[in-house]
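Chains A and B, in that order, are what the protein sequence lines are. Numbers in the working numbering are just positions in the first sequence, counted from 1, shifted up by 536. Numbers in the working numbering are just positions in the second sequence, counted from 1, shifted up by 6.
Simulated from the structure, these hints should not be mistaken for laboratory data. What you are looking at is a predicted structure, and each value in this text was computed from that prediction instead of being measured. One thing to keep in mind: the hints can contain errors.
Unchecked claim - Short derived list, chain A residues pointing at chain B, Cβ under 10 Å: (1) Lys545; (2) Ser560; (3) Leu561; (4) Ala800.
Backbone N, C-alpha and C define an ideal beta-carbon position, used for all residues, glycine too.
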Amino acid sequence: MDNSQVYKKLRDKWITRHIESQKSLFEKHGATINNFVNNTRNFAVGSASALMLLSSPATNFLPPPHTIVHEAKIPVEKSVFVASDLSSLVPDEVRELTPSEESSISGVLTRDFGIKVVPELNGIRLNRTYGLIGAEQHLMRYPGDTMDSHFDKVSDDLEYRGSGMAPGLGGWGYFAKSKEEMTQKDADREKYYIAVQSFLAPGFAENTREYISFFKFRKMLVVNPDNGHAIVADIGDAGPGIHTGKHLGGSPEVMRYLERVDGAQKGGVLYFFIDDPKDEIPLGPIETKQEI
Amino acid sequence: MVKHFYSFIVETDTLFMEIDSLEISDHEKEHLKSLAESNIHHAVLDSVLSKLSELDKDIFLEFINSKNHERTWKFLNTKIRNAEDHIKNAAAEIKKELFKDIHEAKKS
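Build out the structure end to end from the sequences listed, making use of the hints.
Below, the structure written as structure tokens:
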């Protein structure tokens with residue numbers, strides 16, 4: 537059996553076992569679990585959280601069960617259309633895009649997502665718009681925020697605790713003055729932050745104050761061109777260093793949604809400014825407006 | 007890997023080394039490790055829940071939810087005889103299955 541078959545065989549077997557054991561758990565203990573979920577303030581939603589409670593982080597790596605057993609019935613994700621639109625525009629090699637490429641790609645993203653996406657805004661641009669993304673850690677949102685206080689949902693705790701918390705603060709300090717004063721917007725800004733090499737932006741040295749003000753929590757559309765997954769993120773930190781070979785960093789949640797990993801298999805993402813003067817576009821995953 | 011309340015008594019290094027020995031990509035190895043961890047997690051939870059009354063199941067879930075491993079163990083030790091061994095055995099059983107799967111996949 538070739539190596540890819542070994543992986544597939546084990547993967548399918550273990551996914552099937554995982555699903556069966558989950559089903560068995562609910563058959564035996566479902567009443568208690570559902571009761572717990574529905575009566576515990578730490579759970580925001582119902583049965584879906586119960587499933588997560590009883591799942592380790594692997595669950596979210598799994599394709600839906602029907603994609604394993606009946607591969608011919610895989611539903612087409614909308615993101616596939618984005619990937620398809622980008623496939624002829626994004627170079628195979630992760631490199632700086634030419635102005636012409638940036639124009640074409642931002643045009644496609646603007647059309648696909650229904651929001652204005654640009655490589656340059658208010659005369660300011662970053663050092664690049666296509667780069668290798670690395671994994672960042674969680675950031676302290678307010679004084680005293682720790683990994684024990686960082687997650688509202690157990691499912692998030694299980695999934696993202698392993699990324700750890702950065703020892704220092706983000707580029708703009710705390711996101712809120714205290715836990716009590718933290719708004720959903722503050723929490724989302726940490727959850728969906730990216731770190732960009734703002735210090736390498738053309739003109740940064742000459743206009744540091746203006747540039748810092750511009751970059752602070754600036755919304756960007758970050759897209760994995762390989763799968764079409766896209767997320768509205770905000771600039772929450774500066775980095776990574778030039779010596780890392782990476783061009784930007786993503787929060788654990790951003791990385792997971794984009795399906796990008798750090799290390800030897802790190803991959804490229806497109807990142808463009810979102811022109812949102814009225815602050816109307818929510819942070820987080822975004823789907824194409826294209827109809828299937 | 008996520009630290010569960012039972013992580014200190016359920017050893018997974020040898021299983022992960024076995025997965026690492028497969029000639030597959032790093033991403034595939036990570037995925038298999040996550041799946042293995044999921045399978046172990048379910049086996050452990052099932053073994054514990056099956057030993058508890060309905061009321062105690064609620065309390066146990068609360069402790070898991072709070073991530074307070076010390077309290078979880080204090081509770082389990084009062085409710086399940088030889089709780090550690092019970093969990094170790096449940097994990098060992100599923101790990102044995104997982105090892106067997108790997109060996110079969112290697113041979114075929």
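**Study point:** Violating hint indices (sorted, rising)
**Key:** Every hint satisfied by this model.
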